[in-house]
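Asker: Take these sequences, add in the hints, and give me the full structure.
If you're matching them up, the sequences are chains P and H in order. For the first sequence, position 105 matches number 105 in this note's numbering, and the numbering has no gaps at all. For the second sequence, position 9 matches number 9 in this note's numbering, and the numbering has no gaps at all.
Read the hints as simulated data drawn from the structure, not as lab findings. These numbers come from a predicted model, not from an experiment. Every residue, glycine too, gets a C-beta built ideally from N, C-alpha and C. Among the hints, erroneous ones may be present.
Computed footprint of chain H on chain P, listed as stretches where at least three residues anywhere in the stretch have a Cβ under 8 Å from a Cβ of chain H [as the list claims (entries may be wrong)]:
| id | stretch |
| --- | --- |
| 1 | 7-15 |
| 2 | 18-24 |
| 3 | 28-41 |
| 4 | 46-58 |
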Amino acid sequence: MVWLSSELMFFGGLFAMYFTLRSTSPELWAENTATLNVPLAFVNTLILVASSFTAQAGVFAAERLQPHRTGGLFSLKRWGMVEWFILTFIMGAIFVSVQAYEYAVLVSHGVTIDASAYGSAFYITTGFHALHVTGGLIAFLFIIGRAYLAKRFGHHEATSAIVVSYYWHFVDVVWIALFAIVYFLK
Amino acid sequence: MRTNVKLFTILGVFFVIVATIYGVWVQWSEWAGIPALYALGGLGLMIAIYLYLTDRRFGLGADDREDGDIAEYAGTYGRFAPWSWWPLGLGISCAGLVLGLAVGWWIFFVGVGLGLYFVVGWVFEYSKGDHAH
Chain P
1 MVWLSSELMF FGGLFAMYFT LRSTSPELWA ENTATLNVPL AFVNTLILVA
51 SSFTAQAGVF AAERLQPHRT GGLFSLKRWG MVEWFILTFI MGAIFVSVQA
101 YEYAVLVSHG VTIDASAYGS AFYITTGFHA LHVTGGLIAF LFIIGRAYLA
151 KRFGHHEATS AIVVSYYWHF VDVVWIALFA IVYFLK
Chain H
1 MRTNVKLFTI LGVFFVIVAT IYGVWVQWSE WAGIPALYAL GGLGLMIAIY
51 LYLTDRRFGL GADDREDGDI AEYAGTYGRF APWSWWPLGL GISCAGLVLG
101 LAVGWWIFFV GVGLGLYFVV GWVFEYSKGD HAH
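Answerer: So this is what it looks like as structure tokens:
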């Protein structure tokens, strides 16, 4: 938790950079934000937010010490932690992939990291966030792996699942702030 | 735990207020300090909320009583492996990563490979091998 707070300060620094560059060169912002694909990013945001809820459902399953589903594939209430976390992983992976696609489109429009102050601010803030999401995805894989290897799913596995979910919620909240600033406030 | 909740709430609220005062003072024109101060507020409040939730789950502890002793919190704080080579290997891999950045990329990729091996090993330390439960 303390480490997450330090992460908050790290992103605080990135926000400060974004705002400072924005206030010193507003004309760059007016020119470059026009190329952003806001609807796509909005859908992407919804996917990430939804993945936070599925992660939390996985945590509830982990707290019941239930790693696997006990019913059919579509009876959601009987899902275990592994099913929920796999769903979360897929949604997180979609988020990163869509963002990579977005980067590709932006680069084709000439918005690159070394093109202007806007490019630097945009790619460094969203890029560091994407790296955090990727780290979270790897962590989810580890947790799922632990659940499969455990002969008896106990508190050791459940605790690590809860910790990863804290991290995931944090990354999610940071993205909501980033999205509001980069795509709405511009 | 109650005291800790109060302390961090005070810190968080204080920094939110200070950030707002600062913002008004500079007429919302200086955008390095304002987000940093608000982030400080968030930092305090985040820990406060976490401690509040933990407090609600575990109830009053020895640190909430006037006559509580430090020794009352003695006990098991975590599980630790009797011995483990994974952290050392991970440290060496990280050293390799940084060395790779400074000297040459091929060392960097050796570090990535080693790092993957040792991270996986450390994460599954209790799931497979000598310390499996």
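Asker: Quick check: the stretch 46-58 of chain P, covered by chain H? Criterion 3+ residues, Cβ under 8 Å.
Answerer: violated (count 0)
Asker: With a C-beta cutoff of 8 Å, work out whether three or more residues of the stretch 18-24 of chain P approach chain H closely enough for the coverage to hold.
Answerer: holds (count 4)
Asker: Do three or more residues of the stretch 28-41 of chain P come closer than 8 Å to chain H, measuring C-beta to C-beta?
Answerer: violated (count 0)
Asker: Are three or more residues of the stretch 7-15 of chain P within 8 Å, CB to CB, of chain H?
Answerer: That given contact holds, which follows from 6 residues of the stretch 7-15 of chain P lying within Cβ reach (below 8 Å) of chain H.
Of the hints listed earlier, those the structure fails to meet are numbers 3 and 4, in rising order.
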